[in-house]
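A.B. asks: Protein sequences appear in the order of chains A and B.
For the first sequence, my numbering gives the first residue as 8, with consecutive numbering after it.
For the second sequence, my numbering gives the first residue as 12, with consecutive numbering after it.
Hints listed in this document are in silico derivations from the structure and should not be mistaken for laboratory results.
Hints are not guaranteed to be accurate.
What the hints assert, rightly or not - With a straight-line Cα cutoff of 30 Å, these simulated DSSO-like cross-link-like pairs (lysine-lysine) come out: (1) A/Lys41 / B/Lys207; (2) B/Lys226 / B/Lys207; (3) A/Lys109 / B/Lys207.
Values in this document were obtained by computation on a predicted structure and should not be read as measured data.
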Amino acid sequence: MTSATAIRAGDSETRMVQGDAIRLDDVNFLFTTKRASVEAVRDFSLRVEPGQFVCLVGPSGCGKSTVLKSVGGLIKPTSGTVTVSGTRVVGPRTDIGYVFQKAALLDWRGVKDNILLQAEMRGMARADASRKADALIEMVGLKGFEKSLPHELSGGMQQRVSLCRALLHEPPVLLMDEPFGALDALSRERMNVELHRVWRETGTSVLLVTHSISEAVYLGERVVVMSSRPGTVIADIDVPLPRDRDYIATMGAPEFQATTARVRSLLTE
Amino acid sequence: MSTQSSDTSTLTDDRTPAPARSQQVRKTKSLGDRTFDLIAASWRPAAVVVGLFIVWWVITTLGWVPAYLIPAPVDVWHTMTSSAGFLWANALVTIYETVAGFIIAAVGGIAIAMWIVYSPNAEKSLYPLLVFAQVIPKVAIAPLFVIWLGFGSAPKVLVAVLVAFFPVVVSTIAGLRSVDPDLLDLASTMGSSQWKTFRKIRFPASLPHVFSGLKVAATLAVIGAVVGEFVGANEGIGYVLLNANGNLNTPMLYAGLVILSAIGIVVFMVIEVAERVFIPWQPSRRVTATAAS
Ligand SMILES: Nc1ncnc2c1ncn2[C@@H]1O[C@H](COP(=O)(O)OP(=O)(O)OP(=O)(O)O)[C@@H](O)[C@H]1O
Ligand SMILES: [Mg+2]
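Make the full structure from the sequences, and use the hints.
C.D. replies: Right, here's the structure in full:
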């Protein structure tokens, strides 16, 4: 364990009074299939403060998606507790926004209607939702594409639609599972800048899973590193960068490079 | 054509203002282009049909095969025009039986598939029964239906239903199960009810599968209706065929076959059109559209 973890733990203790946005305590996952039983996650504990941006990195198959799904209430851990916004997670949470690796759009709906699915399912007021959707479309630079079907969009554009959909109901917690994993390097950088701006503007708490170390360090206020299976937290690193981060400047900053180097060495150990 | 399809794919340039481009995408769907698509897609089968006709015509005019085995196209045409009223009346009967059988099979098949997908108990109890109903040779039990239901159209419709039912059930089940699990997870984070998830996500997502089942079912329904007529009928194209066969009236037999094929093709095409209307987003169609150009 690093000293950062210790400091962070103390920090969270004092802030617990306000309540954590996300909190996992000693979460374990044991998958039993016909052939074998796999211990996927072991004693995983994590706290995300309200408004904080935390990135989760780790080797493939270490249980990142599993942890994220458990926060969304999509799967139940074998043991341990998960809490979101102060209430125990017992089933699918509706007070979150979830972004998947694939955009997961409805092929038969245009951009705006795909975003409005969120409103329809929740029974939000139509006019209000429509206005919000327009604002989000504008924000992510998809104006003019409102009626385009997913197959007429690039992967990056599809993923932006998926982001808008996850933000429409202004969730206090945003969960993202390798949202930009399928994008080329350039679109990915652009999306990183956009997501960071969205986060600064909305103040939502974000837990983002990624394979990209530089993405994790650019986006996160904290980077949580997981061990290979059974996945558990091996380091929780504070990123010593200002909240307002210019992309190019950040890439060249010595703090950025030191942090990525540290994460990389932890991952290759 | 090719310029348009490449335009659609170059939409990847994110920041370009849309209007000019979406105009081009719209243009892909213009009536002129669709007609062109249709011609491009149908000239090959048309050529094959014309070729077969020529072979048929050559064989019969050269007298290689006696006319009571294969009548000349002219004779068949003559029969069709001279007995047009008779054939049409009988065709209507077969069309009615086919369409009724198909609709019942489609509605019932989709309903049962939904039941099976949503209820594990239904799957365990119903599915084996369905498979059993499928493997029984319909020709063998058709006489039983005549005993039960008489000589009217009911037993024919029933055979058509039984024949057409299974592909609808199987393809609808496959469709409902093919839904991206992420979409179902997404729906539950939206607090969606089962019914809303079905209506807005699962059912539309299953439509491409459903339609491929419906197409198979439609052609099978024609066969089912004719099989029903073979077993016991005094009207319908199946009856016409059986009668013509008994009288060695080969031109009439051929005329019946032509009409039967026509019914099958029309029913199939109606469903193709419905498919294009209901699922304009279907990936397989986009691929064929580019391949045709
Ligand atoms: N439903 C399941 N049944 C059985 N085993 C599972 C199941 N889901 C996940 N696992 C196992 O749990 C482990 C963690 O899976 P998970 O998808 O969370 O990994 P991940 O860290 O997200 O990997 P990646 O980075 O490749 O996406 C894997 O080894 C996988 O085999
Ligand atoms: Mg994963």
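A.B. asks: Going straight from one Cα to the other, do lysine 109 of chain A and lysine 207 of chain B come out at no more than 30 Å?
C.D. replies: holds (22 Å)
A.B. asks: Going straight from one Cα to the other, do lysine 41 of chain A and lysine 207 of chain B come out at no more than 30 Å?
C.D. replies: Answer violated: lysine 41 of chain A to lysine 207 of chain B is near 33 Å, above 30 Å.
A.B. asks: Can the restraint linking lysine 226 of chain B and lysine 207 of chain B be considered satisfied, given a maximum Cα separation of 30 Å?
C.D. replies: holds (27 Å)
Of the hints listed earlier, the one the structure fails to meet is number 1.
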